[in-house]
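Chemist: Chains as they are written, first to last, in our numbering: chain A, 2 to 346; chain B, 2 to 346; chain C, 2 to 346; chain D, 2 to 346.
It should be emphasised that the hints constitute simulated quantities derived from the structure, not laboratory data. Each residue gets a CB set at the ideal place from its N, CA and C atoms; glycine is no exception. Treat each hint with caution, since some may be false.
Unchecked claim - Here are a few chain C residues that face chain B, going by a calculated C-beta distance under 8 Å: (1) Ile82; (2) Lys85; (3) Gln88; (4) Gln89; (5) Ala190; (6) Val199; (7) Glu201; (8) Asp241; (9) Asn271.
To be verified - Below are the DSS-like pairs computed for lysine-lysine, each with C-alpha atoms no more than 30 Å apart in a straight line: (10) Lys270/B x Lys191/D; (11) Lys209/C x Lys43/D; (12) Lys209/A x Lys270/B; (13) Lys191/A x Lys118/D; (14) Lys209/C x Lys43/B; (15) Lys4/C x Lys4/A; (16) Lys209/C x Lys209/D; (17) Lys118/A x Lys4/D; (18) Lys270/D x Lys43/B; (19) Lys50/A x Lys270/D.
Said to hold, decoys possible - Using C-beta positions, here's what the derived DEER-type ranges look like: (20) Asp47/A x Gln173/D: 30 to 40 Å; (21) Pro56/A x Glu267/C: 52 to 62 Å; (22) Pro79/D x Pro334/A: 51 to 61 Å; (23) Ser39/B x Tyr116/C: 43 to 53 Å; (24) Ala108/B x Val59/C: 17 to 27 Å; (25) Ser39/B x Lys270/D: 27 to 37 Å; (26) Pro56/A x Ser39/B: 57 to 67 Å; (27) Glu3/D x Asn210/B: 29 to 39 Å.
4 protein chains.
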Amino acid sequence: MEKIKIAIVGATGYTGSELFRILYNHPDVSIVAMTSNSQAGKSFADVQKQFSGIPAPVLIPHDEVQQYHPDVVFLALPHGISMKYVQQWQEAAFKIIDLSGDFRLSAPEVYTRWYHKEHCFPEGFRHAVYGLPELHREAIKTTKLVANPGCFTSTSILGLAPLMAHQVVVPQSIIIDGKTGVTGAGAQAKPNTHFPVVNENFTAYGIKNHRHTIEIEEQSSFLYQKEVRVQFTPHLLPVDRGILATIYARPLSGTSQAALQDLYREFYKNDSFVRVVNTLPTLKGVRGTNFCDIYVDFDERTGNILVFAALDNLVKGAAGVAVQNMNLLSGLPETTGLLSLPLQP
Amino acid sequence: MEKIKIAIVGATGYTGSELFRILYNHPDVSIVAMTSNSQAGKSFADVQKQFSGIPAPVLIPHDEVQQYHPDVVFLALPHGISMKYVQQWQEAAFKIIDLSGDFRLSAPEVYTRWYHKEHCFPEGFRHAVYGLPELHREAIKTTKLVANPGCFTSTSILGLAPLMAHQVVVPQSIIIDGKTGVTGAGAQAKPNTHFPVVNENFTAYGIKNHRHTIEIEEQSSFLYQKEVRVQFTPHLLPVDRGILATIYARPLSGTSQAALQDLYREFYKNDSFVRVVNTLPTLKGVRGTNFCDIYVDFDERTGNILVFAALDNLVKGAAGVAVQNMNLLSGLPETTGLLSLPLQP
Amino acid sequence: MEKIKIAIVGATGYTGSELFRILYNHPDVSIVAMTSNSQAGKSFADVQKQFSGIPAPVLIPHDEVQQYHPDVVFLALPHGISMKYVQQWQEAAFKIIDLSGDFRLSAPEVYTRWYHKEHCFPEGFRHAVYGLPELHREAIKTTKLVANPGCFTSTSILGLAPLMAHQVVVPQSIIIDGKTGVTGAGAQAKPNTHFPVVNENFTAYGIKNHRHTIEIEEQSSFLYQKEVRVQFTPHLLPVDRGILATIYARPLSGTSQAALQDLYREFYKNDSFVRVVNTLPTLKGVRGTNFCDIYVDFDERTGNILVFAALDNLVKGAAGVAVQNMNLLSGLPETTGLLSLPLQP
Amino acid sequence: MEKIKIAIVGATGYTGSELFRILYNHPDVSIVAMTSNSQAGKSFADVQKQFSGIPAPVLIPHDEVQQYHPDVVFLALPHGISMKYVQQWQEAAFKIIDLSGDFRLSAPEVYTRWYHKEHCFPEGFRHAVYGLPELHREAIKTTKLVANPGCFTSTSILGLAPLMAHQVVVPQSIIIDGKTGVTGAGAQAKPNTHFPVVNENFTAYGIKNHRHTIEIEEQSSFLYQKEVRVQFTPHLLPVDRGILATIYARPLSGTSQAALQDLYREFYKNDSFVRVVNTLPTLKGVRGTNFCDIYVDFDERTGNILVFAALDNLVKGAAGVAVQNMNLLSGLPETTGLLSLPLQP
């Protein structure tokens, strides 16, 4: 079989670099182009020194990607920038997997409300498919534009989906207490990611208005077929990788731990990367992998449902699910190149 | 003024060692005895090497404490052990500050239900005062037995107290998502505190049945004057010190951020160690201090009250509040010896 | 081609678990048996929960390994235990890769001097080949017993080998300041690996008499063809994985950075896993991989040669080099199954 | 006694903030001014939020300090900036403790060679006293300008001083392998202090030309009364605070551990903040304190002297020793306000 030719646009950030790490060992892929506007002309290993000695294309400007005739282009660019390239390449032959937030929401107005900027390519929303394979697998296979989901969203939605699809819980009762590693904030040094600020520390941030809130709500509402609102509170952990979402919800009627675990196992029985586990998930239990681990429980004393979902924000939360989406839209087995095991410890 | 003679029983664990660290610079205290049954006869600095060169009493067995005629005895022993010494010393002249969980609850039966063991000294419950000064200051001043509160409890109750005392929230709506550093688990090496298990990791533990749950509920019910149930979910952070509690509650009627902040500022206006802050609290912002930082907010979109409370589990969560209690029952200004500032970074 | 049947004896420790992680994705290997005397009968994922849902043999006692007719047996057992199984299986058909220290030294007397115990199988020393492929590749291909090297030794020797083989330095001038992550101490919780003891901390340990010292000296002397003594000082880093060795040596005659870098590049030109890099190596630059990164420099001001060598102690320092050795003695390309890239960040 | 009026110029960086932390509880000091050119007009706690609720002067521009008639001014400014204020205030009534590197070296030419810039105030070198109390106590008491030492220098020199003063070692044999926490790099976020770059990582930096090298050499030469050259190699630890220097040297004639320990104990017998300890020092053993812990040993097998010295870079390595110097030049007991104990764990 001929290899799929892929390009990574924005290769020097964390998700771009993680795409390279995964795709380098993907058996059916050939990396034909890697781009960086600020570092064009340099070898990739000069920027990401861990890849010293590893063969990789020299970095080129974003605009030159088309010259390499890729089949699939990964956009690992910031939101607000990404949409310009989607617009520019709307007639191109290649498919696009956009890892930014630019096409994840239902409509340009919603985007403007949560991202506080105008969208330059509103028509894109009509074609974009939300790239969470566990929910939209068939649509992903045939789209030309995948909106790769947010890391907190994937964690939260995978944790909530069975409850939503089966309308088990009170739709306004959902609380998501999210905790993320620092790589979620990107490769750029900022005051709030300075080592002595994060290390030995812990705090909430972006309460009440984090942009993943609306993604969670839209996908939940889609599943529930009714409007859902969630309280989402992100916190910053002093670790590199990983998200744990602790989710609280009130059931509409009586339930039990056994019933809930059955519901989850059934719901995810065909999903290779969701593990419904029987102990509380940990960040290291999924580190470096495309797994999302989920544990569900019911507290009879208080009447609350508790869900714990964990994934690696750079893999299942970004680059890994992007490769999973690439497999789907390329007609490959969904797990190809994604079966590495957790790096623990 | 003559110095208060104090003894630290169980000096070699984390809380015992932290008591020494604080009391060493307390201007009105003389440390007359420090005990350890397993290390008796050794110098304190042989066990806690950071105190090399610092004058301290040689370690003696617990039983010999009375020979040193202390005014106040701190019990820094595990629960189940502590009660035996409280019983043994019930007629002693000294006052006792018990840092274990043995006398924190309302009755022996409640103790047995949550600690899964019989209590050897049920009469102790009649005399014990719950040692959270912000709630029980006057009673602490005159008691002979202080039940020093649990670290998660102090964080949670200080975060909740204004809402409870003013009956602002639905009593069954409270969710406490707690996160603690590893020192909360004590100085003994265990599989779940092995460095590679905790480091770069994060997980929930003890869900549905952590012993601090009942402490939180009893103190909340006392304030609310009605039975309160809470969902309390502890998580283990890869840091040494600090607890952050993220608290969610539904108000009984409409409220606002401004109203809530006023309520909190008024409630704590006479409490030197509670800082009602105007940004999200952090662990390092209170590290090494006796402060509890609290931020309260209201999400108009969802209708939830959000409270964030942070303290150092070894200081305001254990040894610091114990010294605060000692100051109270010794007639000293409450803040004496407790004004060191946060070690940040 | 038929798959190589391998067994992992002592599968539940860190190196056993890491062997599974690597071998699970090795294209030419079938894992036919995994053992644990203390956990026999359990599924592997019950002990190492990160492997939940991953197919693996049920754990069996060490003694039952032969029933599964492995081609290669990895011994991931503590020193002192390992030699008993090497002895017991000396007539077995399979080859053995012993990851303990039991057969790394030149003679039983040397073993006794540094390990303070008698060796039960002195004849084993005649057959064992020291498993550092960069030095002993041809011998490894034909042996039945590989003594897999110590993690500090591999780092130090790979950093020193070109200087030794070419007799560039004063043999008594060598100082190795080693720094290791905590996994080097094993999976068992101990007082000195308790999280609050290691975290935010740093200290030397085992100075003057660490057992890897003699390995370094014997391998150095072999290369130099003259007795070499080194000052080796290990330190404990608050990280999970990785070793960095900072090496100081005095040249016998004038040299330069360029000459040294050429020497190193030439020496390692056929070694896929040694990267002679041109910036200072980092632990994360090799994390999760079989690479050893080396930077060499010369300080004209002081006249000292400086070498910096880094590797992942669980991979190139243990399980990875063991698989590299397995490839060699099985006639496979040396890099098979070992090409995953660094997990950074 | 009237309080000493002090000013902190450059209060918002790590050393400025640490000066405040220490001086706030100093019994004989009144903080009359705190400055920041970029944050002037703000309250200190708005910038360093851990000091929320703590009384402190409003931040003013550096230039306004004189209006507050301080007795002692601490300059916590970057090198290159600091010298301008020393020049500007050369006729002022107050004494200056400069925490930058601007006046630490012997002459302007040496400064220019290592700092790669011209010095604007060469005359300052004539008056400046190197502020390491253990070496220059008497001179500090009477100077108007203290050049507070570099953190690596204090660690190294305190570790070396007895060997130098007694000419025990070969002067060209000294190797200092230094390891520092991240706060040594300052409060400003930079690419190399981004959390995911430092965390779980370790690397050398600034090899062969770190500016503290010349400080170490000049102070060593002063003690030895002969020119000394050292190999100094700094490394970056994934911790906030603390420096450990591992020092290697060859003795001029035979020695022993006992002889060396006696030498060190005798040398430091009048120094309250140097602890000659009998186990290997750790970072946490001195965290938050003004102690420097030193362990000395002799390896009979190799003939090398080994010294391990540890201190907190922000306290004994910066703000603490600055306060110690202030005590000296103010006629106070040297330890006043500096007796807090290690924050461990």
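Chemist: All hints are to be evaluated individually against the structure, with a verdict given for each.
Modeler: Hints versus structure:
| no. | hint | result |
| --- | --- | --- |
| 1 | Ile82 | violated, 21 Å |
| 2 | Lys85 | violated, 26 Å |
| 3 | Gln88 | violated, 32 Å |
| 4 | Gln89 | violated, 30 Å |
| 5 | Ala190 | holds, 4 Å |
| 6 | Val199 | holds, 4 Å |
| 7 | Glu201 | holds, 6 Å |
| 8 | Asp241 | holds, 5 Å |
| 9 | Asn271 | violated, 35 Å |
| 10 | Lys270/B x Lys191/D | violated, 40 Å |
| 11 | Lys209/C x Lys43/D | violated, 54 Å |
| 12 | Lys209/A x Lys270/B | holds, 27 Å |
| 13 | Lys191/A x Lys118/D | holds, 29 Å |
| 14 | Lys209/C x Lys43/B | holds, 27 Å |
| 15 | Lys4/C x Lys4/A | holds, 26 Å |
| 16 | Lys209/C x Lys209/D | holds, 27 Å |
| 17 | Lys118/A x Lys4/D | violated, 56 Å |
| 18 | Lys270/D x Lys43/B | holds, 24 Å |
| 19 | Lys50/A x Lys270/D | violated, 49 Å |
| 20 | Asp47/A x Gln173/D: 30 to 40 Å | holds, 37 Å |
| 21 | Pro56/A x Glu267/C: 52 to 62 Å | violated, 21 Å |
| 22 | Pro79/D x Pro334/A: 51 to 61 Å | holds, 57 Å |
| 23 | Ser39/B x Tyr116/C: 43 to 53 Å | violated, 30 Å |
| 24 | Ala108/B x Val59/C: 17 to 27 Å | violated, 48 Å |
| 25 | Ser39/B x Lys270/D: 27 to 37 Å | holds, 34 Å |
| 26 | Pro56/A x Ser39/B: 57 to 67 Å | holds, 60 Å |
| 27 | Glu3/D x Asn210/B: 29 to 39 Å | violated, 60 Å |
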